[in-house]
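Colleague: Next come the chains, spelled out residue by residue.
Number of protein chains: 2
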Amino acid sequence: MINVGVFGYGTVGSGVVEVLSENSDVIARKVGDKVCVKSILDLRDFPGDPFEDRIVHDVNLVVNDPEISIICETMGGVGAAYKFTVMALEAGKSVCTSNKELVAMHGPELLKLAEDHNCSYKFEASVGGGIPILRPLQNAITADRILKLTGIVNGTTNYMLTKMTNEAADFATVLKEAQEMGYAELHPEADTEGLDAGRKLAILSSLVYGKTVKSEDIPTEGISGVSLRDIKYAEALGRKIKLLAKYEDSDNGAYACVAPFMVAKENPLYNVDDVFNAILVRGNMLGDAMFYGKGAGKLPTASAVCSDVVECACNLGKNVPCDWKDEDVKFTGFSKSVKRFFVRTAHPFARDSVLNTFEGAKLIDAGFADELGFVTAPMSEEEFKNAVTLFGKEVNFIRFED
Amino acid sequence: MINVGVFGYGTVGSGVVEVLSENSDVIARKVGDKVCVKSILDLRDFPGDPFEDRIVHDVNLVVNDPEISIICETMGGVGAAYKFTVMALEAGKSVCTSNKELVAMHGPELLKLAEDHNCSYKFEASVGGGIPILRPLQNAITADRILKLTGIVNGTTNYMLTKMTNEAADFATVLKEAQEMGYAELHPEADTEGLDAGRKLAILSSLVYGKTVKSEDIPTEGISGVSLRDIKYAEALGRKIKLLAKYEDSDNGAYACVAPFMVAKENPLYNVDDVFNAILVRGNMLGDAMFYGKGAGKLPTASAVCSDVVECACNLGKNVPCDWKDEDVKFTGFSKSVKRFFVRTAHPFARDSVLNTFEGAKLIDAGFADELGFVTAPMSEEEFKNAVTLFGKEVNFIRFED
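Keeping their order, the protein sequence lines are chains A and B. Residues 0 to 401 (numbering that gives the first Met the number 0) make up the first sequence, in order. Residues 0 to 401 (numbering that gives the first Met the number 0) make up the second sequence, in order.
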């Protein structure tokens, strides 16, 4: 029998306990042994809970328990979760987590610690919830050079943008509804300002690159600036606005960024709506492959954590290697990356300026007489930023993704 | 250095050689050693080819070469390919293949042979071309009970159905075009009659079940009976006709089948058009996850073969286990499986009969006055087959997939 400890009996933690007990036969078949939850660490008591007798309040009871070999860290945060993860790994116990913040901040350090103690640090659930993406990226797409990776990795903002599009509701209205439904937090900035997507992209691009991409180095824009007018223009262009987390390795150098994009109908991400997530990976031989599913939620996320438990259980006493070195990499390609831009401006001299400054631009009519909308020819971020200064502050723009 | 032999220098075989040489640095980083093509077995010579000097005509030169540890079998067929695969595995060389026919016919026997000789038999490329699907199914979705698996796994028929839908062209016209473009074979029955999809489904459901599902036991219908009228009705219903390979484990027992279905707009497979493939997997905890990409083509398929090479190279001298026992399983659930059916009939008494015999049926108007179209309430295959006899032979039907 293989014993598991769970740190944090909240939404994901209780999901992990549910998956391990409900699917114990499936898991036993994969592992070749039974996998059981022995201890659950939480500050609270859970009177009446079927696992009440496994609740403990002292982390030492778990990390010093020689019968426990795998820990699921489902606490969240980077304080106690970090400390307890270090303790567990130092005790030779593998740790499986859904904690993207901790992975983005301390991933390679914890991976090294696991390697040094013949155990593993696994975090499939930290990106894309239930969607298998990190494992395919590391173990399946292994003969390709990854040229590009484009993801809708935040369900809250995708739900909001879908609702804005389908119901012509504005950001504030949709945010309020999302909060009432529990899809958005009371302080929604981590989602709406793109920080959550940035952390996930940091993890994805670190795995692609094999070195640490820090989320604070990723240019990040959220969706709070996306207005109903932008939605209307996107419709007129046959596109949808999506918050994309994007990594690209182009001739001008690699870059990663998070921003709202107007996605073309031909792009498979165009059809990814509501709370769904998807990650589109382009390999130099494979072409495009997309991984789609529920990016959040108790059981999908717990399913991913438990798939890591299965891998650790099949590799007890051994380190499952991960190609992510503790060495920072700074991408330099963003300002030189080339794309088209949708622009709208109420600047009085816009019409003349556009044709002079933005060669090849196409005017777009979405029925707004008080401003000018247009799409630029392909140009670099740098060129665009310089050119667009001519409108002063009276300008909004959204990048194109084809 | 790890040396590879290639059996068959056709489309996929030359793709494998291209991937291994073009991406040698990426692959070396994953494997921790260089991976090189040492011998290529083919009946033909290839004067002027950059790998001309590696061409051999005698299989013994490859299987008896102690320097070669991995073979890529990209010959196709079940004659020489079977014999040579057995020779390679018996010599302790791992075999990676794109040969779905051989895997569907001899998979578990070859897996056992590999196990007995401390090497591996791998076949990621046999289903979904470049899409990573077998590996995620075996290594990533490991904590879930797979309730359902629905795939568009044949690019030729998907291309044809997409063209019939978008251009209102009939089956014969579209087939001729597909043949001219090289998407369909001169003898297209393996694609159009669903046999290719059946083989891939046999592999997928064998891996889900852990025992052998024989493709000849899978009820299989192709798309040659799909008419332009069916396409029009599908449009009127807001659906698209897709050839689905479907495994489901329902209360009435598991079943697998291949047939054209009318797929609902809400289903992520609805948007999978042209030559693209996708496999939708439903886990009892995960919910739905979809894997999408190019299901065929030289480089995508070769990319998948080479991902197997990487795995074998990382596990030299060891068997990479595969949970597929050499034990046949017969599914019994098909006749009891419940779904809705679209039916059209020119039978003179149809209108009265429909309302009496098909309780809850809904009439559908797609503008054809000389026949009656309707959708049944959910009913089992058995009930439907019995009820529909009342129209004699003057009937066409297509199943619903929601």
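Please note: incorrect hints may appear among the correct ones.
You can't tell identical chains apart in this list, so a pair holds if it fits in one copy or across any two.
What the hints assert, rightly or not - In silico BS3-like cross-links for lysine-lysine, where the CA-CA straight-line distance does not exceed 30 Å: (1) Lys264 with Lys162; (2) Lys147 with Lys264; (3) Lys111 with Lys29; (4) Lys329 with Lys29; (5) Lys231 with Lys324; (6) Lys392 with Lys33; (7) Lys111 with Lys213; (8) Lys264 with Lys175; (9) Lys317 with Lys147; (10) Lys297 with Lys329; (11) Lys147 with Lys33; (12) Lys111 with Lys33; (13) Lys213 with Lys335; (14) Lys264 with Lys324; (15) Lys33 with Lys231; (16) Lys384 with Lys329; (17) Lys317 with Lys29; (18) Lys264 with Lys231; (19) Lys264 with Lys111; (20) Lys33 with Lys317.
Don't read these hints as lab results, they were simulated from the structure. Model, not experiment: these values are computed from the prediction.
Colleague: Indicate, hint by hint, whether the structure satisfies it.
Modeller: For each hint, the structure was consulted:
1. Lys264 with Lys162: both (18 Å within a copy, 17 Å between copies)
2. Lys147 with Lys264: both (18 Å within a copy, 28 Å between copies)
3. Lys111 with Lys29: The answer is both: 27 Å in one copy and 18 Å across copies each meet 30 Å.
4. Lys329 with Lys29: between (40 Å within a copy, 22 Å between copies)
5. Lys231 with Lys324: neither (44 Å within a copy, 56 Å between copies)
6. Lys392 with Lys33: Classified as neither; 63 Å inside a copy, 55 Å across copies.
7. Lys111 with Lys213: Intra 17 Å, inter 46 Å, cutoff 30 Å: intra-copy only.
8. Lys264 with Lys175: both (29 Å within a copy, 28 Å between copies)
9. Lys317 with Lys147: neither (32 Å within a copy, 33 Å between copies)
10. Lys297 with Lys329: neither (34 Å within a copy, 35 Å between copies)
11. Lys147 with Lys33: between (40 Å within a copy, 25 Å between copies)
12. Lys111 with Lys33: Answer is both: 28 Å inside a copy and 25 Å across each meet the 30 Å cutoff.
13. Lys213 with Lys335: Cα proximity of Lys213 and Lys335: one copy only (20 Å, versus 54 Å across).
14. Lys264 with Lys324: Neither: 37 Å inside a chain and 44 Å across chains, both beyond 30 Å.
15. Lys33 with Lys231: Answer is neither; intra-copy 55 Å and inter-copy 53 Å both fail.
16. Lys384 with Lys329: Within one copy only: 21 Å inside, 64 Å across.
17. Lys317 with Lys29: both (17 Å within a copy, 18 Å between copies)
18. Lys264 with Lys231: both (15 Å within a copy, 23 Å between copies)
19. Lys264 with Lys111: So Lys264 and Lys111 fail the 30 Å test inside a copy (43 Å) and across (46 Å) alike.
20. Lys33 with Lys317: For Lys33 and Lys317, the Cα distance is within 30 Å both inside one copy (19 Å) and across copies (25 Å).
In summary, the structure is inconsistent with hints 5, 6, 9, 10, 14, 15 and 19 from the numbered list given earlier, while agreeing with the others.
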